[in-house]
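A.B. asks: What follows is each chain in one-letter form.
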Amino acid sequence: MFNYYLRLARISILKHWGLSLLMILAIGLGIGATMTTVTVNYLMSANPIPHKSEQLYYVQLDSWDVNDPFDEGQNPPDQLTYTDSTNLMKAKKAFRQNVQAQAYAVIEPNDPEILPMIVNARANSADFFAMFDVPFIYGNAWSNQADDNKELVVVLNKETNEKIFGGKNSVGESIRIDGNVFQVVGVIDHWQPKPRFYDISTGAFNETEDIFVPFNLIAEEKMRMSGNTNCWKPTGDGFEAFLASECIWTQFWVELKTEQDKDDYLNFLNAYVEEQKQYGRFLRPMDNRLSTVTQWLEVQEVVADDARIMMTMSFMFLIVCLLNTVGLLLAKFLGKAPEIGLRQALGASKSTLFFQYIIEAGCIGFAGGLLGLFFAFWGLIGIETLYGDYMQNLATLDLNMMALAIAISFFATIIAGIYPTWRACKVQPSHQLKSQ
Amino acid sequence: MIEIGLIVRALLRNKIGALLIALQIALTMTIMVNAIFMIQDRQSQMQRESGLDEANTFYLTNTVFGKDYNLQAEMQTDLNSIRKTPGVIDALQINAIPLSGGGWSMSLQHEPGDDKDTIGSAVYMVDDHAINTLGVELLAGTNFSAEDIEWRVDGQSTWPSKTIITKAFAEQLYPDNWETALGKTIYISQNQPMQVIGIIKTLQAPWNGWGGVERSMLVPFQMETQSSYYFIRTESGRRDELMPIIEKTLAESNKERIIRRVTTLEETRKRSYRRHNATNKILTTVVITLTLITGFGIVGLAIFSINRRTKQIGTRRAIGATKWQVMRYFLVENFLISCVGVIIGIAGAIALNMWLVKTFNLTPIGFELIAFGAVALFIVGQLAVLYPAKKAALIPPATATRTV
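Residue numbers (full-length UniProt numbering), protein chains in the order written: chain A, 1 to 436; chain B, 1 to 404.
To be clear, the hints were calculated from the coordinates, so they are not data collected in a lab. None of these values were measured; they are calculated from a predicted model. Beta carbons are placed, not taken as given, at the ideal position from N, Cα and C, and that holds for glycine. There could be a bad hint or two in this list.
[Said to hold, decoys possible] Every beta carbon over 12 Å from chain A, so not counted as near; a handful from chain B, in silico:
#1 M46
#2 T61
#3 W178
#4 S236
#5 D240
#6 A376
#7 T399
[Said to hold, decoys possible] In silico DMTMM-like links for lysine to aspartate or glutamate, alpha-carbon gap of 20 Å or less:
#8 A:K52 to A:D261
#9 B:K358 to A:E301
#10 B:K311 to A:D62
#11 B:K248 to A:E220
#12 A:K222 to B:D154
#13 A:K233 to A:D62
#14 B:K67 to A:E221
#15 B:K358 to A:D62
#16 B:K67 to A:E220
Chain B extracted, bound-state conformation (with noise of 0.2 Å):
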């Protein structure tokens, strides 16, 4: 490359529009690094599993206005008819929806007391069919028994002994050795003790943005309550056929309620990470517009490079450059404004990930976006000069005897 000290004299004459064009790259690849990083950092969180079997189950808010209404018995009996349904695996009534966005949490500690360090859980309240109903695996320990279910009346304070609790939720609780929570007893609530009966691989808690996502507990309660939701699982594919025949069925038997937001998991799901999505494609459009916009900023100000130099490029040719040679001149010029650019666009990605750090609590960059960033700005650089480079290789020889 013997021309490069050639180049950049040339360069030096105009650098005003090298460095421009070096600006413009820098600025892109400081936005499309931290964008790309954004964008990966809401796609981890959107990928992790909630440990349901999310494809096959549904949900319904039920919700009793009636004054002299069996809550208990009527419970029971909606309970009974979907199970009954042919197609549905299993049904519960549950007092909150992972991922949804409402819930309950309690603080669970190691020690009875007031003063003792706490565990926030998020609490599910179900009858033994959770396990199944759910899909959640369990890996230790046994499932509640029917004699474990007590009824709770809204507002009571009291907990029952057992519960089941995340792998997640035994690892922050025994740092050590997860398997060692089964049959340990921890408090709730303060002072009430309750038994780790089992533990169960994945099921997330209703806040997706919460740090203790991964932490739940299954309590054996039913809530003798005015509003609840019914969770139903399916057989796999039925769902979408079952959802309004369970609605029918539950509507028409008992007049005295209202069943109403008939949901999927799937549909609960995209609407919790909305705003996830959302972020994600406005991103996605600013690094493809902005790629564009800087790559025909490079071909627009090359072809005008070569318009003005076209006397130049034809003399080259005519004094024996071929015209590889003229291509290589462009796109070596290129190459090395491209050099500037992503050494300012480094400096630059990391400072505004630096302030993003600061600012919104976003955790640092690391390096291979850097470098992919910076590969990238290169290789947009070369194609987009590869057009007018073409273009000026193609000026014959014969320019340099003409004027203009």
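Here chain A stands alone, though its shape is the one from the complex (with noise of 0.2 Å):
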């Protein structure tokens, strides 16, 4: 029987092949453009290290201006003073601990041939690796004495290694980096975690950096750093003067395992500030504040106002779509009266009816949403294209938003098609076959 609807359909559908078309492309438009809106706020909301997020932890003091908030008073500041991070770091309170900055270097490659290259760098501790899960092709992270000893060792990614060395084990291979012989520890594999969570301060989803190499080398003058860098008190001069000021530009994440652990490491914080104050810093009300990965996220609403906004309309969108369907089928199958009353005057019953009409919107809806994953295809390039930076990384459709792409189109038109089905098999057989 329901191939035998299926064929009926199909010759209902042709028939009126105009209106077919009407419906299936705005069901299809519709649902290609909520898909593309959805699956944007979905990758921008998504969890890069699901395994681990609520265990790695983003650190936040108050040591802003006490007369004058940071960010009005609705956060502390974003990022950490130098002081305060080096100091954290060496008391070695959480389970791993990473201080980290974006640095910029020039690599002279030791091949006369290729020309010096300007790279992203990411001056960090050991800890880094281990902690963020970052994949290595060759070697290893650094040692943490690395760290301490200030030795001038440096993690290249794929690409870089690729550049350089062709793509070959460099590992222990020795590489020239703004002046300074580095030695290569590692190579990592390609790694672009969406969005980049463990450093959002200038772009949440920026391409991950070139070369790792250890923090205490910005200190040492031998990496520079870029990034964003907050002051609100006047600084000394030179660079003794600016590592020793109140300014802001370092980040500072723990890995701690249980909430005992978030506990205690939370009360560590505290007592810190309170040391502080001794020395007249930390003038403001104590705010100290451990976030997870997804809390840290939301804080600085990584999802776009414009992507929210869009998906809304995208939303009403797809309700005009369907509102238009229902129309358009109610229509159709008022059109059929004379025949639904024949239909039932040779016996057919309600049910089966409402099962004929029900496959009709159902093809239709089918066919609205295979047309709106195209659509939907489309449109993720286009906004790749359209936005460029800002969003890469972003337009992939993914399996799970194509599975619900097919089933809200197939639900919603079954949906938009209930009524109009509903009122085709209420047609009184009596009065149409009379009216003949």
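The two chains are supplied separately, each in an independent frame; assemble them into the complex guided by the hints.
C.D. replies: Dropping the structure here:
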């Protein structure tokens, strides 16, 4: 029976092909727009490190101006001073800890054929790699001793290793960075968490860095920091004075295994701030925070307003498309009243009729859904080309989203088809037969 | 319009069908009005002037990596050679590029002290070639002289004693009369005095989304630093030809540095407003598609309802209705449905706008736009129903005599 109804549906759809096309197109566009925006929002709010996002904590301390709070008093500063992050680092109170900043450098390859190149660098602690599950192809992270001894070691990413060493195992090789000779200790595989949660201060969807070097090299002036620096108090002259200043430019992450560890660490932070108050620092009320990865992304509003507005609008768009479909299906089915009357007179039950017409509606929905997927695919490509860097790494149609698209369009059309079908089944056979 | 009552009664017999169209019109209007509003808002932001001679300006990044590099002397050599290149109007070293998204800001105040109210401003470190290179208009006061220019080393905390500020900044400092700012002393870094020696018309800050984007100040500093921008203004129309020439000359004159990111200001503007542009394109597409879908939906439904009423229309024609009267019936019917749709639509548009204002801090919508949306949808409705109505008018009176 199902196949027979499918055949009937095909005949009916083809008979009013213009109308069917309009319905399929409308559903397709609605689904396409919705899927595109839902995917963008879904990826923007994705958990980039699900298995340990609740064990990684971003540290915030309120070291800001007593007269003029940071962020209008809503949140403590989004980064730490050099003084605080190095003190926390030395204390080593967490299972793992990482202090980091953004940096850049010029690499002068040994091969004179290759031109010097500017690379984005991350200056971080040894624990960075283990904390954030960075995959290595060759070698390993540097040791904690290398951090303490300010050794000139570097971890390259796959692409940089490709450019400089032609992709071979470069562990143990030396490489000239900003005039100093560094030793390669590891090469990481392609790694692009979305969002790039470990540092969203300059854009949540930026590329990961080309090279990774020990954080302490910044203080040694062997690596040049970049990224955001924010100051509230005038600083003295020179780099030493800058490091000792109240300017915030470092980020601090800790890994804590249990809730108990978290409470202990927060107590430790509070004690630390109390102690610093003796030196005339931290004049604001105590406001130290530990945010998990998901909390941090939420606080920093990684999902762009634009994306949320677009999603709301696309859902309304889908509703318009569905109203359109309901209206057209209703008109179409009512137009079939004589046919329905005849079938009822010949003994078709209401449930068979209902089944038949809901199958026709479902077919249109399914076709619309497929078309919608196609539109969503192009929509995402369109978004990536239009927005460029800002939404890079976001335009990928993932399997969950595809299944969701088909499901939404199928059920939406069934729902859209129910009322017209029900109306069609209410046709009075006697009335219809009489008028013929 | 005697038949209005008749049409209403006929509509009430098929309430749901009419209501569906009305709802569709209402939602279309809700989205359309708000989308156009957002488009206009972005458009007006994009139209603000940066104050620069954008069409004839480009810049590049000069990054030094050599160990024994005479930063001061080499920079002077670079600038002299660029300035002497035929076709170049002027050039300078600068710490930040307007609209580029990255730069410096400082807080300024009327009186020294660490508990005074401050006003934020973007800081551009330039020399006495600034007015000419940037192409900004000096409204009052004077330019820096060559003696005003000081060297600044990385991490230096002291500031020069003179500054040139934008008119918008002067207005913020002296709301009663911006011209009084000239010659006044303001304080930077809480307690360092700076005298305002000039006021320029417009120079935007590097951040287009910042509320104080029109507030900038020029500071007479040349930077002794390893990475800075060279900002170059060319004669009209010669920018593209000079870009590779200057890049090559600089790159070859000294190998201990990298010349990179040679960028025109037009590109920077484009990148700066890329999100605005993208969102506007998407919103425009949404508005157009939505209007088309609604329009075609109306066409489809009208054709159906006319097909169902073929016999009645024939009868009307047979008892004396003119073609125009038949057409008018459908036009009026559509108008009535549109009325209901537009009324719901006005409420919807305002509600959506209120939500957007509350959630995303957008500004409230203007009345003109709502009126525009209403008129637009009436027109769409009438246009959409025109073709089916014409077809209906062509139904011959003889149909009345036939069965089916």
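A.B. asks: Is K358 of chain B within 20 Å of E301 of chain A, Cα to Cα?
C.D. replies: Holds, at about 16 Å.
A.B. asks: K222 of chain A and D154 of chain B were given as a pair; does the straight-line alpha-carbon distance stay at or below 20 Å?
C.D. replies: holds (15 Å)
A.B. asks: Please settle this one: T61 of chain B was flagged as non-interface, so is its CB more than 12 Å from every CB on chain A?
C.D. replies: T61 of chain B is in fact no farther than 12 Å from some Cβ atom of chain A, at 9 Å.
A.B. asks: Hint check: K67 of chain B vs E220 of chain A, CA-CA at most 20 Å. Holds or violated?
C.D. replies: It holds: about 15 Å lies between the C-alpha atoms, which stays within 20 Å.
A.B. asks: Please verify whether K311 of chain B and D62 of chain A have alpha carbons no more than 20 Å apart.
C.D. replies: Violated, at about 80 Å.
A.B. asks: Is the nearest CB of chain A more than 12 Å from the CB of S236 of chain B?
C.D. replies: holds (29 Å)
A.B. asks: Beyond 12 Å from chain A, beta-carbon-wise, is A376 of chain B?
C.D. replies: holds (15 Å)
A.B. asks: Confirm or reject: D240 of chain B is not an interface residue toward chain A, with every Cβ-Cβ distance exceeding 12 Å.
C.D. replies: At roughly 22 Å from the nearest Cβ of chain A, D240 of chain B sits farther out than 12 Å, so the non-interface label holds.
A.B. asks: Quick check for students: does the CB of T399 of chain B sit more than 12 Å from each CB in chain A?
C.D. replies: holds (15 Å)
A.B. asks: Keeping to a limit of 20 Å between CA atoms, is the pair of K358 of chain B and D62 of chain A held or broken?
C.D. replies: violated (29 Å)
A.B. asks: Under the criterion that the straight-line Cα-Cα distance not exceed 20 Å, is the pair K233 of chain A, D62 of chain A satisfied?
C.D. replies: holds (14 Å)
A.B. asks: Minimum C-beta separation from W178 of chain B to chain A exceeding 12 Å: can you confirm that?
C.D. replies: holds (25 Å)
In summary, the structure is inconsistent with hints 2, 10, 11 and 15 from the numbered list given earlier, while agreeing with the others.
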